[in-house]
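**Student:** Sequence:
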Amino acid sequence: ILGVLFVRALPALRRFGPSFLWTSTWDPVAEIYGAAPMIVGTLLSSVVALLIAVPLALSVAIFLTEFAPRWLRQPVAFLVELLAAIPSVVYGVWGIFVLIPFLRTVVVPPLRAVLGWTPFFHGVFYGNSLFAGGVILAIMIVPYIAAVSREVLLAVPGSQREAALAMGATRWEAVRSAVLPYGRAGLIGAIILGLGRALGETMAVTMVIGNRHDIGVSLLQPAYTMAAAIANEFSEATTSTYLSALFEVGLILFVVTVAVNAIARILIWRVARGTAVGSRAL
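Here our numbering is used: the first residue of the sequence shown is 1, the next is one more, and so on.
Hints in this document: simulated from the structure, not taken from any laboratory. Values in this document were obtained by computation on a predicted structure and should not be read as measured data. Mixed in with the good hints, there may be bad ones.
Label-pair restraints from in silico Cβ distances [unchecked claim]:
| no. | residue 1 | residue 2 | range |
| --- | --- | --- | --- |
| 1 | R171 | V124 | 44 to 54 Å |
| 2 | A166 | N232 | 56 to 66 Å |
| 3 | V7 | Y126 | 54 to 64 Å |
| 4 | R171 | F6 | 48 to 58 Å |
| 5 | F6 | E236 | 16 to 26 Å |
C-beta atoms are modelled at their ideal positions from N, C-alpha and C, and glycine is treated no differently.
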């Protein structure tokens, strides 16, 4: 895959060089291409998704491993993981008809009232936006982060909890002072794994992010991602340069996502290897 992407992107690599990464112009008529807005949109939407998803996913994982009754753990874990099986196009349709109206009427007005003075919530919210893309991504990556975080917390030896409880700590203090520090590397790996999933998501984001080739600071404005650009424009690429530029976008996305996922796997593997014995939670 990497070889095919590199060979097909080679004409664009030779013509535009490193400037392809920071050029904001995308003009198929003049055959001038730059991926900066797509790169920025991909990173910003993923960051927004992580800011929303990480607290929720970690809370679910901690509840299931430390506080939930045994009879409730498996059903709730099954329902959370079932979210990962929903096709992304279904998330996209739900985002158009349910999420965006909800954001427009319930979420965005109070956010603008409190944070409207910042550039991040400046401008008019029409619906399809970077914020909507980030929220839909957050919903999609919660099952991945929660599932991996749950396995990491289950891999923490029971002696860690018992030692903290024996010293008079409450259950939450034991989790905060003993369990979470022990599994920190694995939890970071789970978050990075969610980031890798968010970076490569295509259809749902394409349907709600607005697909405007522009760099903006406001989360309320439309944006573009690398995956969305490939999905939208690949069938419209009528020249070899246009097609090669899209392959270069795909090459960048491939390298970034593989690197992110590799880092996540290494961190999770380190935790699993170091705590193979006594890895079940109380």
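**Student:** Would you mind marking each hint as holding or not holding in the structure?
**Tutor:** Structure-based check of each hint:
1. Range check, R171 to V124: about 47 Å between beta-carbon atoms, so the 44 to 54 Å window is met.
2. For the pair A166 and N232, the supplied restraint of 56 to 66 Å holds, since their beta-carbon distance comes to about 59 Å.
3. Taking 54 to 64 Å as the suggested C-beta distance range, the pair V7 and Y126 does not conform, at roughly 40 Å.
4. For the pair R171 and F6, the beta carbons lie near 52 Å from each other, so the given range of 48 to 58 Å is met.
5. Look at F6 against E236: about 23 Å separates their beta carbons, and that is inside 16 to 26 Å.
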